[in-house]
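With chain A fixed as given, assemble chain B onto it according to the hints.
Going line by line, the protein sequences match chains A and B.
1 is the number of the first residue of the first sequence in the numbering used here; add one for each residue after it.
1 is the number of the first residue of the second sequence in the numbering used here; add one for each residue after it.
None of these hints come from the bench; they were simulated from the model.
Remember, it's a predicted structure, so these values are computed and weren't measured experimentally.
Possibly wrong hints are sitting among the right ones.
Pairs involving identical chains hold if they fit within one copy or between any two copies, as the list cannot separate such chains.
The calculated DMTMM-like cross-link candidates involving lysine to aspartate or glutamate, where the alpha carbons are at most 20 Å apart (straight line), are [to be verified]:
id: 1; residue 1: Lys298; residue 2: Asp124
id: 2; residue 1: Lys29; residue 2: Asp269
id: 3; residue 1: Lys298; residue 2: Glu183
id: 4; residue 1: Lys29; residue 2: Asp266
id: 5; residue 1: Lys288; residue 2: Glu91
id: 6; residue 1: Lys288; residue 2: Asp176
id: 7; residue 1: Lys220; residue 2: Glu183
id: 8; residue 1: Lys298; residue 2: Asp64
id: 9; residue 1: Lys172; residue 2: Glu229
id: 10; residue 1: Lys298; residue 2: Glu91
id: 11; residue 1: Lys140; residue 2: Glu228
id: 12; residue 1: Lys29; residue 2: Asp335
id: 13; residue 1: Lys20; residue 2: Asp194
id: 14; residue 1: Lys259; residue 2: Asp335
id: 15; residue 1: Lys172; residue 2: Asp266
id: 16; residue 1: Lys177; residue 2: Asp24
id: 17; residue 1: Lys177; residue 2: Asp64
2 protein chains.
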Amino acid sequence: MNLSRRVTIAGGAITPFIGKFHPDFIWKKHPDFGTRENPTLEQYIHEVALGACQNVGIDPALVDRGYVGNFVGELFSNQGHLGSMAAAAHEGLNYTPFTRVEGACASGGLGIAAGVDAIQAGADIVLVIGAEVQTTRNAKEGADFLARASHYETARGLDPFTFPAMFARRTKAYCDKFGVTPEALAPIVAKAYDNANRNPNAHMREVQMSAEQAGSASDKNPCFLENEELNPWLRVGDCSQVSDGGCAIILCSDKGLEKLGECQGDPVDIVACEVACGPLGQVADLTKMDVTAAAASKAYAQAGWNATDIEVAEVHDCFSITEALICEALGFCGDGEGTQLAAEGATSLNGRIPVNTGGGLMAFGHPVGATGIKQAFEIFRQMNGLCGDYQMESSPARGLCANMGGDDRTSVVTLLQKN
Amino acid sequence: MNLSRRVTIAGGAITPFIGKFHPDFIWKKHPDFGTRENPTLEQYIHEVALGACQNVGIDPALVDRGYVGNFVGELFSNQGHLGSMAAAAHEGLNYTPFTRVEGACASGGLGIAAGVDAIQAGADIVLVIGAEVQTTRNAKEGADFLARASHYETARGLDPFTFPAMFARRTKAYCDKFGVTPEALAPIVAKAYDNANRNPNAHMREVQMSAEQAGSASDKNPCFLENEELNPWLRVGDCSQVSDGGCAIILCSDKGLEKLGECQGDPVDIVACEVACGPLGQVADLTKMDVTAAAASKAYAQAGWNATDIEVAEVHDCFSITEALICEALGFCGDGEGTQLAAEGATSLNGRIPVNTGGGLMAFGHPVGATGIKQAFEIFRQMNGLCGDYQMESSPARGLCANMGGDDRTSVVTLLQKN
Chain A
1 MNLSRRVTIA
11 GGAITPFIGK
21 FHPDFIWKKH
31 PDFGTRENPT
41 LEQYIHEVAL
51 GACQNVGIDP
61 ALVDRGYVGN
71 FVGELFSNQG
81 HLGSMAAAAH
91 EGLNYTPFTR
101 VEGACASGGL
111 GIAAGVDAIQ
121 AGADIVLVIG
131 AEVQTTRNAK
141 EGADFLARAS
151 HYETARGLDP
161 FTFPAMFARR
171 TKAYCDKFGV
181 TPEALAPIVA
191 KAYDNANRNP
201 NAHMREVQMS
211 AEQAGSASDK
221 NPCFLENEEL
231 NPWLRVGDCS
241 QVSDGGCAII
251 LCSDKGLEKL
261 GECQGDPVDI
271 VACEVACGPL
281 GQVADLTKMD
291 VTAAAASKAY
301 AQAGWNATDI
311 EVAEVHDCFS
321 ITEALICEAL
331 GFCGDGEGTQ
341 LAAEGATSLN
351 GRIPVNTGGG
361 LMAFGHPVGA
371 TGIKQAFEIF
381 RQMNGLCGDY
391 QMESSPARGL
401 CANMGGDDRT
411 SVVTLLQKN
Chain B
1 MNLSRRVTIA
11 GGAITPFIGK
21 FHPDFIWKKH
31 PDFGTRENPT
41 LEQYIHEVAL
51 GACQNVGIDP
61 ALVDRGYVGN
71 FVGELFSNQG
81 HLGSMAAAAH
91 EGLNYTPFTR
101 VEGACASGGL
111 GIAAGVDAIQ
121 AGADIVLVIG
131 AEVQTTRNAK
141 EGADFLARAS
151 HYETARGLDP
161 FTFPAMFARR
171 TKAYCDKFGV
181 TPEALAPIVA
191 KAYDNANRNP
201 NAHMREVQMS
211 AEQAGSASDK
221 NPCFLENEEL
231 NPWLRVGDCS
241 QVSDGGCAII
251 LCSDKGLEKL
261 GECQGDPVDI
271 VACEVACGPL
281 GQVADLTKMD
291 VTAAAASKAY
301 AQAGWNATDI
311 EVAEVHDCFS
321 ITEALICEAL
331 GFCGDGEGTQ
341 LAAEGATSLN
351 GRIPVNTGGG
361 LMAFGHPVGA
371 TGIKQAFEIF
381 RQMNGLCGDY
391 QMESSPARGL
401 CANMGGDDRT
411 SVVTLLQKN
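The shape of chain A in the complex, shown without the other chains (with noise of 0.2 Å):
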């Protein structure tokens, strides 16, 4: 749809993504362990709230809208209702008008789209959050959690670690059509690592991976689903990280944008946010992100744009095999060429077309909710050089964001511009 009033993002703020191997995640190894907790959801949604205002020097209660991405905060955290929780953040904040919203992993898209809306419709400041916690318990009952993202009923029995099977379903299925092997994927692993550790708000931060240990399955990199059919087709380090973290920004229109104090960059045009949904449950094609391609589709045409335009992109690397898929969506290559843009050095920090300069949901982490604000205010500190250590040496002046639910049921792209 084509936006008649402007939609530009004129800051954010961010917390580290943290978890396990994290150096400031409290577990029962940590030397605070007992003395100290980690952030709660509610404290993450507050932090980012906060912040946001800050970062674009504004009084909270000029945010004329707001929007609270997260996906299952009922479950890790006992706590729904977010958008009350989002307006507890400060007095200016009471009474206004607050949604959270809820695609799965495409949450925080979700919210970045209903905040376009709110502009085409009015509203001159938003103030979009996502936020996800964790890590409050174990991994096989966070799987579980998760798996309300897929058709539960019929897709909860795949395997404990449901997403991560219906992943290595497509690994297969892309390894069998383009005679590759899962080795193929680990450039990209590697290339996510790599940029995390330039990354200090980073949950993979201090921890390294190189291409030869993404490759091969060993004792630090095991193959873990019980399906035994997929079992061999995903490693740990093929997947993303179970991360607590916020992230929020501030969407303005020209009007917006008069009413703000001192920024820390300049504003970034938002172009255009498309959504395309599947039906849960199935899926056409394993070899084929169609409903990101649907919504590239669009948005490129509302745009006027292609994929050669594009010069950074933020893209749901869930798992490595979805980096490869989605590339290919979004035309950044040709169908079964996704793995050799990560091998060649094109989607590297200073290739041809960076891709998750940060780390993306492999090393910076997924804190589920957060990971779609997080993609866009990565673009936005790409495109005004606030990257520090993992700056490009170029900053860019069209960037995508591409932030995936489900698999490939919800995908919400964002096109970017910094003029």
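Just chain B now, kept in the frame of chain A:
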């Protein structure tokens, strides 16, 4: 916010709201137990999505956008990602953008607000679905799930039935302040059942409750809270029902209306739809619904209406006290006069300002995510003379819906007009 594009409700669909005491609800003593099961969340979503399209004579492929209002599908049905589930209702919905929205019991109203925004942003036909299934667990487990609408960490300890206790607390404060007893709420309850007994879709269509029965605790209408201080202030009859059900409406721009086939009624304008949130876990004054008052104030200002313009209202009566407090917040009467409105018959089917003509949440039922959609569809149906045995004698031209979540922490007030 002013609407730059006109938004109308063109039609919709609703299922019966069912649960304990409804003749079609399957439970261990039902004759069909073991041979038939109650509908699932997926079935409700699909039934009303297709029903709404059929009701306005469109191919689902014409839907530009969809929203699903649902509170805790992740808990009662192990299912999130309901936008993608809705997209599975019909092949014509493949690639249609759907978003699940959540704001506790105001989730349906938030779906309508999002749909109004979508039309401002350029959509022409928007499908807004609400559905909830709550009968898969027993009452105590369900009460724990529903407590996710409160600030769980601080509120859950109030009582195993957290929300009933929160509203008993409001009843106590109200009675203390205005010098009345809980018996003053009995006419609100009796009116709800009286209306529901005329409504074939109502959960309590076959259960009767007189003002005498509602006004005193008894074996059939017990006080049930464990919290001793709050126990005397609430009876079972003061509570809304734990129901399953779905409802969907079709919102249209003027251009959208031109695409429709045969409709069952004339379109009804949404003149205003305003949302407000208050801080979760903090209520300034237990005798006021200040968040609902804030949403109403914005809606009245936008429409240029006041309370005396309203000819029919759907008011969120999650408990009997809530109807009294919201009638006051909406300006239907002064502070402390909310109970008298029902006692005097003003809110009866053919009173001065009929409220909850189909039985409201207390007797029509309260499948949480569906409630806000049902409210708007009820007003549409009253305005079009489609309410059968509970049709108002004079078809109203101006109506209001107040859909509220949590302890008055998210509120959506919608004003509707038939030209």
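Checked hints:
no., hint, result
1, Lys298 / Asp124, "between (25 Å within a copy, 17 Å between copies)"
2, Lys29 / Asp269, "neither (45 Å within a copy, 61 Å between copies)"
3, Lys298 / Glu183, "neither (33 Å within a copy, 59 Å between copies)"
4, Lys29 / Asp266, "neither (43 Å within a copy, 66 Å between copies)"
5, Lys288 / Glu91, "between (47 Å within a copy, 18 Å between copies)"
6, Lys288 / Asp176, "within (13 Å within a copy, 64 Å between copies)"
7, Lys220 / Glu183, "within (16 Å within a copy, 68 Å between copies)"
8, Lys298 / Asp64, "between (28 Å within a copy, 13 Å between copies)"
9, Lys172 / Glu229, "within (9 Å within a copy, 61 Å between copies)"
10, Lys298 / Glu91, "between (39 Å within a copy, 19 Å between copies)"
11, Lys140 / Glu228, "within (18 Å within a copy, 40 Å between copies)"
12, Lys29 / Asp335, "neither (45 Å within a copy, 57 Å between copies)"
13, Lys20 / Asp194, "within (18 Å within a copy, 58 Å between copies)"
14, Lys259 / Asp335, "neither (46 Å within a copy, 38 Å between copies)"
15, Lys172 / Asp266, "neither (44 Å within a copy, 54 Å between copies)"
16, Lys177 / Asp24, "neither (42 Å within a copy, 50 Å between copies)"
17, Lys177 / Asp64, "neither (50 Å within a copy, 35 Å between copies)"
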